[in-house]
Amino acid sequence: MTRRMTCATPPASPATDPMFTRILTSALFAGAAAGLIAALLQLVFVQPVLLHAELYEGGDLVHFGPGGEANSATPALGGFDALRDGLSIIFTMLIYAGYALVLIPLMALAQERGATINARTGLLWGAAGFVTVHMAPAFGLPPEVPGVAAADLMARQLWWGATVLATGIGLWLAAFGRSWAAWGGAVVLLLAPHLVGAPSPEVFSGPVPTELGALFAARALGIGLAAWVLLGGFAGFFWARETQGRGAAQTA
Amino acid sequence: MTTTTLTAGQSGSRSILAALSAAVLGLGILWMAGHAQAGALHDAAHDVRHATGFPCH
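Taken in order, these protein sequences are the chains called S and Y.
Everything in the first sequence is counted per my numbering, starting at 1 for the first residue and increasing by one.
Everything in the second sequence is counted per my numbering, starting at 1 for the first residue and increasing by one.
Isolated chain S (complex conformation) (with noise of 0.2 Å):
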């Protein structure tokens, strides 16, 4: 093969390497995009529960017990609070930009390797990126709603990183290995975080109701399957216009 690679002009310097902007412009735009409706969907979905359950959390209503007569279902829960919700809508879109900075340079890996990357293979991405930091963790420590009984932080902290960790290696491994062993260690790593086990607390003392534990639980993963699959699918439309930006300009 000739290296005709040398025709195009290298970057002065890896300072001024267009590769850490494109990155970040396009991880900027797929978080922000992605993380804004994850935080809609999260004030409509998910924030009618929490604030339901903080109030058997803080032992306005009780569950059981003495004093624990029959509650209504549906109790008032105060409205939009501005400065509390104005900073999860900002924390959300941070943590899903924060997601497609590490997606991003993996999608550009795979496809130096060879892998098409465009919205729609993104969404595939999105799955898999569901799959990594929600639903692998949340089946040994489900989201919780405040209030629960639940081990020690740092060690579920460490079981949460070690299987995002694990469930990340082990699907790249699945999607682009070619061999047995690929495959084998895949399954492998899928399997030990939850053949280990996560750290469970020593009693179980929450307050507040399995109804609202379960409904906080499941809307937590709906929407976390959602908003992945939005990142991903924009994760893979800017990724895409990037690089094909890049290449109109060299080839011109």
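The set of hints was computed from the structure by calculation and includes no laboratory data.
Any given hint could be a false lead.
Unchecked claim - One-sided and incomplete, this derived list gives chain Y residues near chain S with beta-carbon spacing under 8 Å:
1. A19
2. S21
3. A23
4. L27
5. I29
6. H35
7. A38
8. H50
9. T52
10. P55
11. H57
To be verified - Anything over 10 Å on all C-beta distances counts as not near chain Y; from chain S, calculated:
12. Y56
13. N71
14. T74
15. G78
16. R156
17. Q157
18. H194
19. G206
20. R241
Don't be surprised by glycine CBs; every beta carbon is placed ideally from N, CA and C.
Dock chain Y against the given chain S, drawing on the hints supplied.
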């Protein structure tokens, strides 16, 4: 062969450095927004951490 793979090969190590820098920045944001336990940060991100499934207090 596409221009994309040509330029990717040409500036390979710089691209990897740029990709790694972006990923590290992303992980830093995720750690700060999702896991750091500093009081004000925890309070501000509290609802999001619950709704996004991060381990929280």
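These are the hints, each one checked on the structure:
no., hint, in the structure
1, A19, "4 Å, holds"
2, S21, "6 Å, holds"
3, A23, "5 Å, holds"
4, L27, "6 Å, holds"
5, I29, "3 Å, holds"
6, H35, "6 Å, holds"
7, A38, "13 Å, violated"
8, H50, "6 Å, holds"
9, T52, "6 Å, holds"
10, P55, "4 Å, holds"
11, H57, "6 Å, holds"
12, Y56, "14 Å, holds"
13, N71, "21 Å, holds"
14, T74, "20 Å, holds"
15, G78, "13 Å, holds"
16, R156, "4 Å, violated"
17, Q157, "5 Å, violated"
18, H194, "16 Å, holds"
19, G206, "13 Å, holds"
20, R241, "13 Å, holds"
Against the hints set out earlier in the document, violations occur for numbers 7, 16, 17.
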